[in-house]
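So the protein sequences, as listed, match chains A and B.
Start counting at 1 in the first sequence, then tack on 1108, and there's your number in this note's numbering.
Start counting at 1 in the second sequence, then tack on 245, and there's your number in this note's numbering.
Because the hints were derived from the structure by calculation, they are not lab data.
Backbone N, C-alpha and C define an ideal beta-carbon position, used for all residues, glycine too.
Reference excerpt, derived from the structure (chain B facing chain A, CB under 8 Å, subset only):
(1) 476
(2) 479
(3) 489
Which stretches of chain A does chain B cover? Using the computed rule of at least three CB atoms under 8 Å from a CB of chain B, they are:
(4) 1185-1198
(5) 1219-1225
Far from chain A by the CB rule (all over 12 Å, computed), these chain B residues:
(6) 275
(7) 280
(8) 297
(9) 303
(10) 356
(11) 357
(12) 372
(13) 375
(14) 386
(15) 389
(16) 396
(17) 433
(18) 455
(19) 564
(20) 569
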Amino acid sequence: MVKAVAGRAMEPVLQVENINKHFGAVHALRNASLAVWPGEVVALIGDNGAGKSTLVNVLTGVLRPDSGTMIFAGERVSFSSPQEARAAGIETVYQDLAIAPHLDAVANIFLGRELTMPGLAGHLGFLDNGKMRRETEEQLTRLRVRIPKLGRRLVTLSGGQRQGVAVARAVMWASKIVFMDEPTAALGVAQTEMVLDLIREVRNTGIPVVFISHNMPNVFEVADRIVVLRLGEVVAELDPRTASIDDAVLAMTGARRRDARGEGAVVG
Amino acid sequence: MASTQTPVAPSLEAEPKPTLGQRLSNAFTLLILLAIVIIFTLLQRTTFLSIGNLNNVLIDTSQLLLLTIGVTFVIITAGIDLSISSILILSAVVAAKVMIQFSGTPEQVAAYSFPNQAMAIPIGLALGVLTGIVCGLVNGLLVTRLNMPSFIVTLGTLGVFLGIAQLLTGGTTVAGVPPAIQQDIGLRDLFPWPLFGADFRLIPPMIIAFVLTVAAAVLLNFTRFGRYTYAIGSNMAAARRVGIDVNRHLLKVYALSGFFAGVAGTFDLMRFGTASVGSHQSDNLAAISAAVIGGTSLFGGLGTIGGSVIGAFIPATLRNGLVISGVPAFWQNVAVGVVLILAVYIDQRRRSAEERM
Ligand SMILES: Nc1ncnc2c1ncn2[C@@H]1O[C@H](COP(=O)(O)OP(=O)(O)O)[C@@H](O)[C@H]1O
Ligand SMILES: [Mg+2]
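Take these sequences, add in the hints, and give me the full structure.
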């Protein structure tokens, strides 16, 4: 399902085709296909249980698909762990906050990739906390994220600030693509706005963002393209400039299937 | 474009203030220790604060301190090690048996002559510590490979390790250990100058405990090992997601706890020249209590070596003070129990305050 989208000269960063995934009798993904180009924000929407998280988990190495192909940065890949995906430049903000609340922001951002001191001390595992902190500050400034009191354990921060750390960690490390599974689900209006700004900020550096959200106004505010999943199938692709929220809801619930470009009914 | 505007700073929200529970528990243990010292000093001005007496408290506590430090690492990972008391006993027994074995022929040993003790004592000490590490590895393997709760695993090995020690000794105290371990090593006064008065003795167990405590603090605070210890206790799933080899790390942590218990076991030989299977059987609970009183959370992710040091000193300080004051030392158990319950209560309050994410 390689879609030749007008005016897109570049190769997609990520292109997956005909992904299938079963959980026992549940057919969670049915021939799902998706392509993501540099510098775009793709919103993945769908009802609860549509398979959004499963798709993200397959693409980020958490789950292995039963079948399907995945082409990433021009090469066929299959990730057998999240670490492999991360090493390839794929970062993820998971739906279940994957932070360690008793550590501070810097420790969380560098968790699993700690910088150690030069020389013997480094070989003994001594951490270079100063350097990690400086790099964090630099990156957060670049991304215009404000996390107050970098040295404070996250338990003492609000939920929004904690999610900010999780998002900052992903965007700071991503070199190819960022996935966010409901990054704003637990957030208030102000923090949601911050995350949406962050998504744009990342997109502007050329790195595409795929994010899942149930908040239609948010989706239409920030997405360049909307992909609709229903019962494990990609049933529609909408252009937020021409489609309406009603179109999106209809596509998600399956009352009527239509393509946003008004080319008539497209059955996925 | 929206990206040119500064994102709404999350710091606009009210900063959550540290809760009463948080502030309490930070100062909690230190306050308790201070209160104990003050009370006993007022009661028994001259004796309690004397150098000789404080020296006794230091010596008495060095063994419990090691157990506490080791188990602190385990508790920070949200695990528990109930078997440390049995590891201590088994390590002491193995060290004693090895020393006797290598010191000379059974006849020589029976005649109280130990021709090879210069070699036998270091080998015995090393194998005693190694026994502790092996026991810890067994715990770690069972916890990580069988995916069993550490409470159950170490409750099981608590019995297993003690049983092996009893089988090795026939249930009695191991006698016939070369006395040099006590005279020349364990009780040697390394500070013979009368700077702090004649009562002050600096013996090797104190130095070993001090050095290992400092090393543990460095390990926990400044290294990747320490960082992973906290991360696993804070959110094990998150630690796995970022690629930390959680099982491998836990294995090391249980081995570390075994190591500390093994070293604590050799202190018995150094100080008393015997390995007894009858004593120490509740040291596991004393050490866990000390760690918890010192602010280590049984829920994981929280704890400091400094807190554990203070926690470890509370029982010995209490006992010592009670004895000097002529109060039945059994009150120590009552007091430590009450303090423990208070400490856990505060920890729980703090935890539930934090969990309102
Ligand atoms: N680990 C799992 N085991 C069994 N079933 C699962 C698992 N993960 C997801 N599912 C099922 O797969 C379907 C898709 O789930 P999910 O991808 O989480 O949906 P979404 O994120 O769109 O709400 C659901 O029917 C869900 O119950
Ligand atoms: Mg989901």
